[in-house]
Amino acid sequence: MSEDKLPESHGSAGQHEVATHGDPFADPGLPAHEPRRTDIDERAAKRAERQVSLMFVVSMLATVGFIASYVAIDADKIVYIFPLGHVSALNFALGLTLGVALFCIGAGAVHWARTLMSDHELPAERHPIEADDEVRADVIEQFKTGAAESGFGRRKMIRNTLIGSMALVPLSGVVLLRDLGPLPEDKLQHTGWDLATPEHPLPLVNMNTNKPMKAEDIVVGSLTFAKPEGLEEDDEFFQQQIAKDALMLVRIAPENIKDKDSAELGFEGILAYSKICTHVGCPISLYEQQTHHALCPCHQSTFDLADGARVIFGPAGHPLPQLKITTNEEGFLVATGDFAEPVGPSFWERS
Amino acid sequence: MSAANSATRGASKPASTREKPANKAEAVADWADGRLGIYSLAKANLRKIFPDHWSFMLGEICLYTFIIIILTGVYLTLFFNPSMGEVVYHGSYAPLNGIRMSEAYASTMDISFDVRGGLLIRQIHHWAAIVFVAAMLVHMMRVFFTGAFRKPREVNWIFGFLLLFLGMFDGFMGYSLPDDLLSGTGVRFMEGAVLAVPLVGTYLQFFLFGGQFPGTEIIPRFFTIHILLIPGVMVGLLVAHLILVFYHKHTQWAGPGKTEKNVVGMPLMPVYMAKAGGFFFLVFGIISAMAAIATVNPIWAYGPYRPDQVSTDAQPDWYMGFSEGLIRIMPGWEIRAWGHTLNMGVFVPLMVFPLVLAVIAVYPFIESWVSGDKREHHILDRPRNAPVRTGLGAAWISLYLVLLIGGGNDLIATHLHLSINDITYFVRVAFFVLPVITFVITKRWCLGLQRRDREKVLHGRETGVIKRLPHGEFVEIHAQLPQDKLHKLTAHEQPLPMELPAEVDENGVAAKTGVLTKTRAKLSRGFYGEGSQIAKPTAEEHHEITSGHGHH
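Residue numbers (my numbering), protein chains in the order written: chain A, 472 to 822; chain B, 43 to 594.
Please note that a few of the clues may not be correct.
Dumping the calculated EDC-like pairs for lysine to aspartate or glutamate here, alpha-carbon to alpha-carbon at most 16 Å [unchecked claim]:
hint	chain 1	residue 1	chain 2	residue 2
1	A	Lys685	A	Glu801
2	A	Lys548	B	Asp156
3	B	Lys578	A	Asp494
4	B	Lys85	A	Glu596
5	B	Lys578	B	Asp423
6	B	Lys291	A	Glu596
7	B	Lys62	B	Asp72
8	A	Lys548	B	Asp152
9	B	Lys303	A	Glu596
10	B	Lys578	B	Asp495
11	B	Lys416	A	Glu601
12	B	Lys90	A	Glu592
13	B	Lys193	A	Glu601
14	A	Lys682	A	Glu700
15	B	Lys90	A	Asp590
16	B	Lys527	B	Asp495
17	B	Lys291	A	Glu601
18	B	Lys498	B	Glu586
19	B	Lys90	A	Glu596
20	A	Lys658	A	Glu812
21	A	Lys685	A	Glu739
22	B	Lys303	A	Glu601
23	A	Lys795	A	Glu812
24	A	Lys682	A	Glu703
25	B	Lys527	A	Asp494
None of these hints come from the bench; they were simulated from the model.
Next up, chain B with everything else stripped away, as it sits in the complex (with noise of 0.2 Å):
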């Protein structure tokens, strides 16, 4: 009885010993803090230190540009009837009065035509969608080009590789979906592309489109995966990539104050959520604004799909371009053997595809193997301080490039009044030279900025001050540089490349080198070699060089 009471009394009087709450807000603060532990939680994060620069945007025109698709994608499945069943067309739009199409399309016309407000929202929808994929390949590029992707970093480039190739499939699946004229093209390619599949293509096809193309199948299908699957999965490895990016808090540039071991910026609480909060509404702003005055996938213009019908110039969203650019340039080879065919033609580029954005996935792990470096990585390598990585880098872009024109070449062919087959036969040479040349200027170009540095840490900036000496040379007079700039062009560091071990070990036996040992030796000497980067200037030159007399 007595225990009971007195267990009573415990809990009516409050067991922390907390003082009373100034205000409401407090108040409601502590309610949480008692039940999500939000003071734990906030007391990391409410000052975290963000750096600032402007490349960072490019990572948050990602983010936003994918909640905006998502916001407006919301919208378009409440209007949105994903079937093949066929209607026929009574609507606003008078051109296509009376004629027979899907209710995929149709139910695109209602929502362009006579829902109000909902070829806003589609437009928003299809250019966000635009601006997403291309933000996430210079987000990538800028991660790229500046080494951030190294340790501990790899595993976030990967989840941000893995988002940049579902973000263009889910692409190509909703500009299917509308299941116009240029829209059902897309699709028989691809059916085509799974027919190519050897052994198991036409299986894949007819469980895919669930009989043959096209059937009344595809559309609800992909529908489920554009709406549900792929972004789910994306959501997941965004959120993943959030908490990365967040626990090894950003990347910085050398400078002045800035060390591997901490980092410099402004706090999270104001300024960097109001200027990313800010910049939501800015990057949703100017969509908006686009969406207004640029009209992006006129549905009504192109008809509903028919399999006997097409238009000139089909052309994929950019971001597939450069597969369109592959099937265009491939040579139709085609193997029969034994009753079977193995369609090369369209094989090899499905195959190529994923290659050309897998070799940029696997990239950190190639340089860090040939680096043998396993420290942690904060300070950015500017771009020329790296030649080998950005001549690789921009070599792979010059790739996606010349794809990008093959996959055009329709079009280019007719703006530039030139012949498509030239056109088709200078990107069948392109696709192997062009990378290669790309390469080989970028890194000397690399290799002349370094060179200039070089020059300014020695002899300092150049004035525009001529000065005739007595002996009546004339010399430009350098200045020296602060020391804040000495110290940025000279903070980055010099790796050596690997040498091979000795032919003989101590003992006189001889050792074998292996294959991969000799490969990533190879590898090393291409990347750190004497030919791959210029000695940066020591203290001791640099002192000569000042305290010299006769100097300028």
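Only chain A is shown next, with the shape it has when bound in the complex (with noise of 0.2 Å):
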């Protein structure tokens, strides 16, 4: 389209091969080839024999060194090496040896090359990628021939459910894929504390000591892990659970909540958060006493857990999930029902 534009057909300067004479700019040919030293001094292409041999014998000596580093040095012993720091020996020394006896072979073969193998300059000539007209039109021809031998845009119908049966058969395969997992159902809506009824509470057992927890033992400030009780470790499906039931337990002076609703659904001013994150289910897990913040640690969302765990900051797009938690007769936090919503990454289905 806008061939004539460039520059060889506008003749304004396209000097590649055209050497007139007198123009500055024309290309004066390969330069001639300029002889090293190692090319006329004898006695220096010599040493730099000696020199590329002496990296061969370093490379041995350094396989051997290695053979004898895996053979000698047990794999759990831990050195001090300066500025490393402490490190694995077996690991320190396997790497280094291997490391010499692999560059002395290249630093070698490099240094061979440059000294001591020819460095003429040589031109080859490039051929054009595409093919003169000649073959192509031979090409195209044959190709029609075959087309037409085939008979395939002559016979309609047979090209038209060919390409019908070509474009389904793919879906057997996608279809295959349909049992590399269930149905998400409404998985994703429930938590482990959906066990919980306001008749068969919940009790709310702290996540270090593995005990049930009493309001008096929460403190004004501190943040506590909780997870439901019966919710052992060695459980089958533990990780799955532990990643939509794991809770954080904030108290707040009563005065200090923002959020009426929220204090509600807490008990004297402890909430219960889901401590997995709206924005891709990170665990929060960094807590700001005075400002009531918490803030995930892997994209910096940051919700006030003092104002419903509204999101102040970052890219999570809703509040956390607020578990409603009462103390049972014994004085005990438990949970009487599941969370209001979803915890967790938001998803399509989510309302």
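Take each chain as given, in its own frame, and dock them per the hints.
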């Protein structure tokens, strides 16, 4: 289209081949070869030869060193090496000997090539990638013959049904992937806390001590992590359960709680929020006592726990779900039902 | 009977008239040639010319690190147990004794502490992967900024792009396999990203994880994809990439004796073989030494993954840093309607991530469309002589870097004592502004360099010798450049921008100009118009200045 705008055709600049007489910019052609020291001085050449061999010998020694280290050094031996600090002695010895063994082969080969092998630069011709017109015409002719013989264009019914069958057959592969996993159903809508009902409340268990908690154990300004009673670390589905059930208990002086609904879900200023960030699901673990802000260390979503865990910074899209808690007759903290909304990252079916 | 006889006799006699081989080696070569046709193959390639330039080593580093990754990866599969079955650890690393963990994590611990040399191979594998992606990126920059992607090499540019993309993903999967606290956090991030896909997100997540997060399937599945599927595709692409490099022959810089129709350099055998072959060992040696002295991914320090635990400054490997940046700086927009939630805060970054890469992948086609250039190019452009392209490349890199800052905002905040919120706000603005600024500065810089080249061609180089003229003026003597330098500085082409077709054709009938044509003309003006290149000196200008008197 704008072919005529290219330098070659409007002739302002294509100096590559035109070596017009008196053109100061003409290509002077390949410069003459300049010999290296090793090309003319036999002693320099000999020295280079010795240097190359020396590198290969060092490589051999390093390999021997590698094997010796493998045999002699214990795998769990830790040594102090400045400035690396405490490192595995075996890793250090093996890595350095292997490094030297390999590097010296490379250095030797490159030095050999640079000093002793010929350094005459040679031109080689390029040939255009495109075939010439004759070949092109011939191939197209052959293709047309083949196409005509197949009758692909003539027998429309065969062609169309072939296209249809080819379009459908990959579906089998997609369908086969169905059994990779179960259907989501409403699994993401619930957590392990849905075992709790007002009649049978579920006690909150301290994540560290594995014991039920009393309200007075939790001091104002503290952050405690909890899980539902009955969920044990060696349960088959522990990882899957804790990924949804993990709870963060915070106690805020009641007059500092800005969100009234939130205060009502809690018990005497103890608020139980999901520990799983509503952004992409990292556990939230950084809490600032004075501001009541909780920060997710993965992507820095920040929630104001005093204000219904509202998002005040970062990429999370909605507040942390809150669990309604109270105490039972013995004074232990319990939940009386599941979270009102799904925990963790949001998804299409989440209302 | 006699026919059969003659046939046997015919077979017993050698059919070829070839002379007896001079030695054993020739005999072996003859044998192979009779079956594989190696002589015809070698005829063209044994003394194939390779031009020499330091930047060609970037591609070599990619190739060699890939080989190192495969070699060490095979070793690691011999010891690694890709299972999420739970075990209690009793091994050499005392701090984790009695802790529950997956077999994947436990076997990675064993590789690191009980298999002799296992830690080294793990470290080499990880370091080589980091260098691999870095080298691919820098290699790609080299190809981009020199215009080496132009016809006939556009397809190879696409292959290279796919290799980078797959390399990044395979890196992410490999990082996830040990099932340590850091990598599990990465997998959790991926789960959240998959869930954010509208309509089918939850289904994709359940099929990918075999149920709810984390389940027991994800590590074995990642393992298969990491060691088989992606490397398999990559080997195919790599071979195709190299075949095309071989077929197209290398590009070269303009210079004396170098034209579009030749390639100047040294033959494959012996020089290039020794240099390139030797370079493999140099790369392997350096990466081994790095693995010996610099620890990467100390999984024992992170501990096994549990979904309710996390460490601070959770970071992906650097090449995923820009996607991490996208996810961190995106405001948390959620659209809720008709009982559904569209998680824009995650979904938008998820879409922008491949887009940032894809823009660079299709660039060769954009440029050739704008220039209308259908010729083959084997002489490289100096970046300054293609200011718009250079500016676009620099803008892209600035975008990448600013997102990397966004991805490491926590580290930057703690190390430089800055507010993490301020960094995020800065990156949100810089995402849009910085690439534009970078483009403008780079383009101007290129034009300045073009002007300097022009000056050099016309007035020669500064000698540093000051001369006093009879009337008292001081001048610096400029020396004429030799012809090879003059040629080098003026060898580049300067295409003219496309012009819109006339409003009316020769018969006075109004001709319609499509939007596409108009856009193209506008882009073309942007690329090659007056503001985008400095007219290079002509031979006449040079004559005028050098032959005139009174000049210094």
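Hints versus structure:
{"no.": "1", "hint": "A/Lys685 - A/Glu801", "in the structure": "holds, 9 Å"}
{"no.": "2", "hint": "A/Lys548 - B/Asp156", "in the structure": "holds, 11 Å"}
{"no.": "3", "hint": "B/Lys578 - A/Asp494", "in the structure": "holds, 15 Å"}
{"no.": "4", "hint": "B/Lys85 - A/Glu596", "in the structure": "holds, 15 Å"}
{"no.": "5", "hint": "B/Lys578 - B/Asp423", "in the structure": "holds, 14 Å"}
{"no.": "6", "hint": "B/Lys291 - A/Glu596", "in the structure": "holds, 10 Å"}
{"no.": "7", "hint": "B/Lys62 - B/Asp72", "in the structure": "holds, 10 Å"}
{"no.": "8", "hint": "A/Lys548 - B/Asp152", "in the structure": "holds, 14 Å"}
{"no.": "9", "hint": "B/Lys303 - A/Glu596", "in the structure": "holds, 6 Å"}
{"no.": "10", "hint": "B/Lys578 - B/Asp495", "in the structure": "holds, 8 Å"}
{"no.": "11", "hint": "B/Lys416 - A/Glu601", "in the structure": "holds, 12 Å"}
{"no.": "12", "hint": "B/Lys90 - A/Glu592", "in the structure": "holds, 12 Å"}
{"no.": "13", "hint": "B/Lys193 - A/Glu601", "in the structure": "holds, 11 Å"}
{"no.": "14", "hint": "A/Lys682 - A/Glu700", "in the structure": "holds, 9 Å"}
{"no.": "15", "hint": "B/Lys90 - A/Asp590", "in the structure": "holds, 14 Å"}
{"no.": "16", "hint": "B/Lys527 - B/Asp495", "in the structure": "holds, 10 Å"}
{"no.": "17", "hint": "B/Lys291 - A/Glu601", "in the structure": "holds, 14 Å"}
{"no.": "18", "hint": "B/Lys498 - B/Glu586", "in the structure": "holds, 15 Å"}
{"no.": "19", "hint": "B/Lys90 - A/Glu596", "in the structure": "holds, 10 Å"}
{"no.": "20", "hint": "A/Lys658 - A/Glu812", "in the structure": "holds, 12 Å"}
{"no.": "21", "hint": "A/Lys685 - A/Glu739", "in the structure": "holds, 12 Å"}
{"no.": "22", "hint": "B/Lys303 - A/Glu601", "in the structure": "holds, 14 Å"}
{"no.": "23", "hint": "A/Lys795 - A/Glu812", "in the structure": "holds, 12 Å"}
{"no.": "24", "hint": "A/Lys682 - A/Glu703", "in the structure": "holds, 12 Å"}
{"no.": "25", "hint": "B/Lys527 - A/Asp494", "in the structure": "holds, 13 Å"}
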